[in-house]
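**Student:** Go by the hints and put chains C and V onto chain R.
Each chain, letter by letter, is given below.
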Amino acid sequence: MSIQVRDVSKSFGNFHALVDVSVDIAPGHLTAVLGPSGGGKSTLLRIIAGLETADRGAVLIEGADVTHVPTRDRGIGFVFQHYAAFTHMTVWENVAFGLKIAKTPRPRIKKRVSELLELVHLDGLASRYPSELSGGQRQRMALARALAVEPSLLLLDEPFGALDVKVRQELREWLRRLHDEVHTTTVFVTHDQEEAMEIADQIIVINQGRVEQSGSPNELYDRPANDFVMGFLGPVTTLAGRPVRPHDIHLATAVSPGSIPATLDRVVSLGFETRVVAIPHADAEPVTVQLTRNQIDELALEVGDTVYLRGQDGDRQQDRVVTEMHQDRAS
Amino acid sequence: MTYLGLLVGLPVAAVISQSAHHSFWSTVTQSHTVAVLEFTVGVALAAAVIDAVTGVALAWVLVRDEFPGKRVVNALIDLPFALPTIVAGLVLLSLYGPGSPLGVNLAGTRIAVLFALLFVTLPFVTRAVQPVLLSLERDVEDAAACLGARPWTIFRRIILPAITPATVTGASLAFARALGEFGSVVLISGNLPHTQIASQVIFQDVENGAPQAAAAIGVVLLAMALTVFVVIGLVTRHNTQRGG
Amino acid sequence: MSKFVLRYGVLGYLALLLVLPVGMVGYRTFEHGAGPVWDALSSHDAVSALKLSLLVTLIAVPINIVFGVFTGWLLARREMPLRWLVDALINLPFAMSPVVVGLAVFVLYSRTGWIGTYLFAHGIPVLFTWKAMTIATVFVSLPFVVREVVPVLEEIGTEQEQAAAVLGASQLQAFFRVTLPAIRWAVVYGTILTVARSLGEYGAVNIVSSNIVGQSLTLPLYVNNRVGQLDTTAAYSAGLLLAVISLLILVGMTAFSSRRIRQTQTGVSG
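Protein chains in written order, with this note's numbering: chain R, 1073 to 1403; chain C, -11 to 232; chain V, 182 to 451.
Next up, chain R with everything else stripped away, as it sits in the complex (with noise of 0.2 Å):
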């Protein structure tokens, strides 16, 4: 199923949420649609859906325009980030509640939702109420719901922002599998770029209701298209005026080509990584710098150390060049 979304602009009284937003999203992959709050990703989900309507442009799927079809005929899926359980059905009820407006046969109706239920491990609650499961339990049972009249695109919306960190992360990978099983177009929209990069084949990056970028995870990572893309996906600190990765960045007790001279200020522990902030001779900018355990324990370093910092990336040319190392401690 593919999607296709055309130069749609969309705003809410003065304020714009999105501003010519075209994108392509590949059928049968996960994408995740990735951005700040407020960014406008939760809009053109919607708009995708059928919930909004957009001021200007176009939603095509499988090439057909669908911009003014209601949502009910667009054959879409979608889960809402506060589940948007129906309270006073069953879980049983809520799974079969598509099937029921389509007029299922009963039958069809009983198989379908029990093995749904299978599939999202809630078959022994099928006569709960929503309001007696946990909030894991209820978006998978939003989940079965919204896949029970088999849609040919399935839609998220910040689906797991409602829960604690640990089910957040079970169900995240979750997803990703039941993804790999059955292979249904999916786009969620998420606000966190780990659960982005851990799940998602495509991610776009909207900000300010436009598309900063849109690529693999890796892409985005490695060759992010500017300073916002790069800084919204990973940790990010300046060295010499440039934004570069924590831990691309080599730390040494000796100079080198090209290297900048800086003081140690603070060295964290974080379990398997250290966190080294050192702030540099020339500015006072303090730089971050990410460092395995392995790496630190070799360093030997103390605060008040001066340190040589070099940004790697593979098209700086560094000659070497050996100089005394000075110690300073810190009375």
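Think of the hints as simulated: they come from the structure by calculation, not from any bench. Hints are supplied without guarantee of correctness; some may be wrong.
What the hints assert, rightly or not - Each computed EDC-like pair below joins lysine to aspartate or glutamate, with the alpha-carbon atoms no more than 20 Å apart:
hint	chain 1	residue 1	chain 2	residue 2
1	V	K184	C	D130
2	R	K1183	R	D1195
3	V	K184	C	D53
4	R	K1175	R	D1145
5	R	K1175	R	E1165
6	R	K1172	V	E342
7	V	K232	V	D220
8	V	K184	C	E129
9	R	K1175	R	E1187
10	R	K1172	R	E1222
11	R	K1175	V	E342
12	R	K1238	R	E1266
13	R	K1183	R	E1253
14	V	K184	C	E54
**Tutor:** Same frame as chain R, now just chains C and V:
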């Protein structure tokens, strides 16, 4: 929308137009009418004020106190809402009228009218204040107590300001209700000149074939009640704006 | 110490104002035994009054339920151009004295009234019949269902309805399968209040009724009539009947009140 207009708007408009008669001012300024209106407003006001005090006390006891049968008492508060006004009148007549086991006979007195109004307006303030009291966070009161405040001070400086808007709203609703009350007063007031309230005069005028006079007084009552409602609306809006 | 003063002071106030008077009615009714009570209640006049009360209520309540749900839905889910006016009109019955309501219906449907002229010309009597009494009753019990339904609709939001739409439901299907069940306790509670008001209405109905005993009296009017005739047993009997019905209504109110509050707070099905 049209339904509403037809059902509600039209009759009201009819009354107003009916009252727009050259005799409007003469009716309304007639000495007896004025006296009745004064009494009506006065006794309704008295009922509202008493309700404010007893209502807050009731709400306090129901929210902060515990005793067996509290839930029954809480349910009883709604009785005046459920009971037909004429039965309320009968009820008061039986206890405070002729043949009363308490040995009093208040039938035909102004006090009796007040009693009737207190009966029918009982729930308003209590039901308005209860949710506010329930939602008050005790931390603030505890903090004040730690800082040395005595219970009465805590009540005066912390609780009272929080419940005042609700109390005013409740009392205003009670006032509006009391202004127009009819059924509960009819039996016990005896319809004497000095115990008559406005609604009784309106009723009499209709019975006597003087709908214009009735309409005139009715419009006055309506105007007063609407003013109260506007005030309530303003108080509520002001309150929500302040994050009350 | 002051806690007890407050508690018993309050309870005493309630006893004097509420409990004792209502209890007295029970006592007075059966003062001369149960026989006269039964005779009074089964008399033709009393039965006809009961029938008329039920007739009026059975017409007025469903009208107000449908209107209440429909208008409540419009107010909560749609932008209304003259919203303030609709709000004012809905709350008007609360602000109006019942006799003024009766007067309004009277004026409108009288021989010279705006609607009355037309009706009288076509020989359709409305004033002084049960029809006028029903109209007056619909008027006074108008607000209850709307006022209960609107906050609940606003509280639960539109997400469930959106979910239903995505799953293929039409607007009508979504309304009956999702919206209506979600507000059912509010509707029930509002209905109970409407029934209470319709059954017990006195002032408005009195004015538009021809007040002929055995014919055009509702139960509340009958009570008044019997007091006027010094038939205290009949008056107290009918009054007690109404009081018992009110107590049942009160029980209903209490039982469903907690459900409707729970529903708004947590979106939980009762």
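**Student:** Regarding the pair V/K232 and V/D220, is the alpha-carbon distance no greater than 20 Å?
**Tutor:** holds, 17 Å
**Student:** With a cut-off of 20 Å on the C-alpha distance, tell me whether R/K1175 and R/E1187 pass.
**Tutor:** Between R/K1175 and R/E1187 the Cα gap is close to 19 Å, so the pair holds against 20 Å.
**Student:** Measure nothing beyond the straight line between the CA atoms of R/K1238 and R/E1266; if it is 20 Å or shorter, mark the hint as holding.
**Tutor:** holds, 14 Å
**Student:** What's the verdict on V/K184 and C/E54, does the C-alpha distance respect the 20 Å limit or exceed it?
**Tutor:** With Cα atoms ~10 Å apart, V/K184 and C/E54 stay inside 20 Å; holds.
**Student:** Checking one constraint from the list: CA of V/K184 to CA of C/D53, max 20 Å. Satisfied?
**Tutor:** Cα-Cα ~8 Å, so holds.
**Student:** Between the alpha carbons of V/K184 and C/E129, is the straight-line distance 20 Å or under?
**Tutor:** holds, 17 Å
**Student:** Straight-line Cα separation of R/K1175 and R/D1145 no greater than 20 Å?
**Tutor:** Satisfied, since the Cα-Cα distance of roughly 15 Å is no more than 20 Å.
**Student:** Would you mind confirming whether the straight-line C-alpha gap from R/K1175 to R/E1165 stays at or under 20 Å?
**Tutor:** Distance of about 14 Å is within 20 Å: holds.
**Student:** Can the restraint linking V/K184 and C/D130 be considered satisfied, given a maximum Cα separation of 20 Å?
**Tutor:** holds, 18 Å
**Student:** Are the Cα atoms of R/K1172 and V/E342 separated by 20 Å or less?
**Tutor:** With a Cα-Cα distance of about 16 Å, the restraint between R/K1172 and V/E342 holds, given a limit of 20 Å.
**Student:** Take the C-alpha atoms of R/K1183 and R/D1195, compute the straight-line distance between them, and say whether it is at most 20 Å.
**Tutor:** Holds, at roughly 12 Å.
**Student:** Would you check the hint for R/K1172 and R/E1222, treating anything up to 20 Å between C-alpha atoms as holding?
**Tutor:** Given that 20 Å is the threshold and the Cα spacing comes to 13 Å, the pair holds.
Of the numbered hints stated above, none is contradicted by the structure.
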